[in-house]
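Colleague: One-letter residues, chain by chain:
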Amino acid sequence: MAETVQTVQLLSADGVLQTDDTAAEYLPYVDALSDDDLRQFHRDMVITRRFDLEATNLQRQGQLALWPPSHGQEAAQVGSARATRAQDHIFPSYREHSVGMIRGLDILDIITLMRGVSNGGWNPKTNNNFHLYTLVLGSQALHATGYAMGINFDGDTATGDPETDQAVIVYFGDGATSQGDVSEAFVFAASFQTPQVFFLQNNHWAISVPVSVQSRIPLYLRSQGFGIPGVQIDGNDVLASYAVTRKNLDEARSGSGPRMIEALTYRVGAHTTSDDPSKYRGDIELQGWIARDPITRFEAYLRSRGEGDGFFAEVATEAQDFSADLRRRTLALATPSTEKLFNHVYSEPHPVMDVQKQWLLDYEASFGGNE
Amino acid sequence: MSTETTSTGTTTTETNTGLTSTDTASTEPANPKAETAEPTSTEIRELAFGKALNAGLRMALGDNDQVLLMGEDIGPLGGVFRVTEGLQEEFGTKRVFDTPLAESGIVGTAIGLAMRGYRPVCEIQFDGFIFPAFDQITTQLAKMTSRHEGQVSMPVVIRVPYGGHIGAVEHHQESPEAYFAHTPGLRLVSPSTPNDAYWMIQEAISSNDPVLFFEPKSRYWNKGPVDFSASAAPLHSSRVVRTGTEVTVVGHGAMVTVLLQAAEVAATEGTSLEVIDLRSLSPIDYAPIIASVQKTGRLVVASEAPGFVSISSEIAATVTEKAFYSLEAPVLRVTAYDTPFPPAKLETTYLPDADRVLEAVDRALAY
Ligand SMILES: Cc1ncc(C[n+]2csc(CCOP(=O)(O)OP(=O)(O)O)c2C)c(N)n1
Ligand SMILES: [Mg+2]
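Respectively, the protein sequence lines represent chains A and B. Residue 1 is where the first sequence starts when you use the numbering used here, and the numbers rise one by one after that. Residue 1 is where the second sequence starts when you use the numbering used here, and the numbers rise one by one after that.
Isolated chain A (complex conformation) (with noise of 0.2 Å):
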């Protein structure tokens, strides 16, 4: 999809601050940012690449079921993650593996996620409040959508304190923009005047469908049709996900109703480690988005501001052990006990799981114990 002429973008592919009217008003929340908050981003796209990476390799080594590679999307997801304050909620998807660290996340629960150890199981409120990945396409959006109606009823927002009053975002793709969930959530969200950001990650492609098969408008456009502004960035741009997602939430919080952000970007990878993207799509097309690289670009910034070599040899060392430290846990990670099955699927007692349970667990004494 073509960029229009309203899409923020406030460093250009090559790392260099842009000033245009689109960009000014955005500035100043750059400008409150400090040298080691930059630095953080550039660190968190690094890491994030690089166990991503990692995680590829261990799905390729037979460790992992799945892995569905974050590769290109890291400035949308940190920038955006880096905006959201402590307060807030998060709904990911299954793709914002960056979104999750950022929230406190260990990696290692997303990995027990796609080796087939857990189905999540993480809570979200000993961690920062990112909620549970969500593989069926746009239901989140409608989860979060209810969390902010709550957030509402509560009076938890829009009390005048940024630093207080709540908020939520939801990440979801271009694909899961035509599920209906994703449509009832506008709707929900603007009768509700919910204190939340939808946020879009355009990445062009759903598995091998192309964006244009699922919307004939910007998808930023979508929105607006339900009475949520939205917003196009430049997704490949940290420093624009991060200003335009902080101005929108602190909207969102101070009482003016949901907003939504299309960031446009591209999964370099392949959709999931069971993809093969030659199948549908050019190289040409794959090497534009290269060229625009997120942390190429931000490096470019960080450099042109003075940042030099150490620096940069330090934050690929951290991110070198951090995959080593999460390969070596992923490979001790231990197989659920059977009567996982059972535990918790119901929070109160419940007679078949109690029956069912004590059944296969003398099945499994028959055999003379549990070896």
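The hints are simulated quantities; they were obtained by calculation from the structure and are not laboratory data. One or more hints might be untrue.
Straight line, CA to CA, 30 Å or less: simulated BS3-like cross-link-like pairs of lysine-lysine [to be verified]:
#1 A:LYS247 x B:LYS94
#2 A:LYS340 x A:LYS125
#3 B:LYS223 x A:LYS125
#4 A:LYS125 x A:LYS357
#5 A:LYS340 x B:LYS322
#6 B:LYS345 x B:LYS223
#7 A:LYS340 x B:LYS94
#8 A:LYS247 x A:LYS125
#9 A:LYS357 x B:LYS322
#10 B:LYS295 x B:LYS322
#11 B:LYS94 x A:LYS125
#12 A:LYS340 x A:LYS357
#13 B:LYS143 x A:LYS357
#14 B:LYS143 x B:LYS94
Some chain A residues judged to face chain B by a derived CB distance under 7 Å, without partners named [as the list claims (entries may be wrong)]:
#15 ASP37
#16 THR145
#17 ASP181
#18 VAL345
In this text, a Cβ means the ideal position worked out from N, Cα and C, and glycines have one as well.
With chain A fixed as given, assemble chain B with the ligands onto it according to the hints.
Modeller: Okay, now just chain B with the ligands, sitting in the frame of chain A:
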């Protein structure tokens, strides 16, 4: 024209079908204005089923600020069956509110509200309109606790007016409970009396698991005693509502009325039926059923839903496994036919009536 089961299990039967036939083409059935549902704690009062539900919802709203009612037309109108009448006025638009007209949206946002700590009670307007929410119910709501490994509960109730006998147009008379009973993570109940309606809705709302609450819509206008002092039985228990010795008949919702009629007729012919109201469809409380079959040796299971892969099939299979040596005859099912719900002029042919129950009883006795 009603057959009522009192809380002590005795029955009073009058002549007619016991099932109200109301033309709901307008989808706004007349509202019995006769009584208000202001309970005092020790009273036993006659209330229509719909009014009893209304009273139960009022109690739940009053007991816990986290309880919300949400759905289509449930606010100022009080729902197309008036079950929520007056509740928005009493508890305000934050507690009782109309949603946009989207079932997946209703259940999906209820899940988010439950994550937030609320206890949403969703109304699905009619049985045939639950399917737009099927994914959110079976794939999201049902699995959410398991996917969170018990760290998140889903105290969501989905109220579903269901079943036939009201002469309504297509999609307004179905019995879709088996789709949901098949889904681990959900609980399903269906009251058949005003007393159970009053208590079971409160018990469902206080459950920390998702409960699909199937309301036999043909019973909304039927009156019966409601004992406001104490619940008659736990939520997930079945109950013998008429004792007998020769054949056990089991059903739920509006079918209980049919079974009681059949028992009355059978009695005049010298056959003694024991009638069990299932009340809970998932889990099923088998103890009273097995105990009864051990006594009678014969079981007929009846429901308004098609029989293939149904609650009736499940009971037949389980009782055969658990009480094989007690059985004098195969467990027989009396169900709707395996066809779409027909045009309403054919519904009395489609839905099991007392005669069809008695035909099965005769077959069971012939073994
Ligand atoms: C309801 C549903 N239908 C189909 C799928 C299978 N599926 C998984 S990902 C995917 C493509 C999603 O594309 P998009 O929303 O653009 O997200 P992306 O993978 O590009 O991040 C499909 C078809 C699914 N997970 N859920
Ligand atoms: Mg996509």
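Colleague: For every hint, state whether the structure bears it out.
Modeller: Structure-based check of all given hints:
1. A:LYS247 x B:LYS94: 28 Å, holds
2. A:LYS340 x A:LYS125: 22 Å, holds
3. B:LYS223 x A:LYS125: 46 Å, violated
4. A:LYS125 x A:LYS357: 29 Å, holds
5. A:LYS340 x B:LYS322: Cα-Cα ~27 Å, so holds.
6. B:LYS345 x B:LYS223: Satisfied, since the Cα-Cα distance of roughly 26 Å is no more than 30 Å.
7. A:LYS340 x B:LYS94: Violated, at about 38 Å.
8. A:LYS247 x A:LYS125: At roughly 25 Å apart (the allowed maximum being 30 Å), LYS125 of chain A and LYS247 of chain A satisfy the hint.
9. A:LYS357 x B:LYS322: Given pair LYS357 of chain A, LYS322 of chain B holds - Cα atoms ~18 Å apart, limit 30 Å.
10. B:LYS295 x B:LYS322: It holds: about 14 Å lies between the C-alpha atoms, which stays within 30 Å.
11. B:LYS94 x A:LYS125: Distance ~25 Å between LYS94 of chain B and LYS125 of chain A Cα, so the pair holds.
12. A:LYS340 x A:LYS357: With Cα atoms ~9 Å apart, LYS340 of chain A and LYS357 of chain A stay inside 30 Å; holds.
13. B:LYS143 x A:LYS357: The hint holds at about 18 Å.
14. B:LYS143 x B:LYS94: It holds: about 27 Å lies between the C-alpha atoms, which stays within 30 Å.
15. ASP37: With Cβ-Cβ at 30 Å, over 7 Å, it is violated.
16. THR145: Result: holds, 5 Å to nearest chain B Cβ.
17. ASP181: 6 Å, holds
18. VAL345: 5 Å, holds
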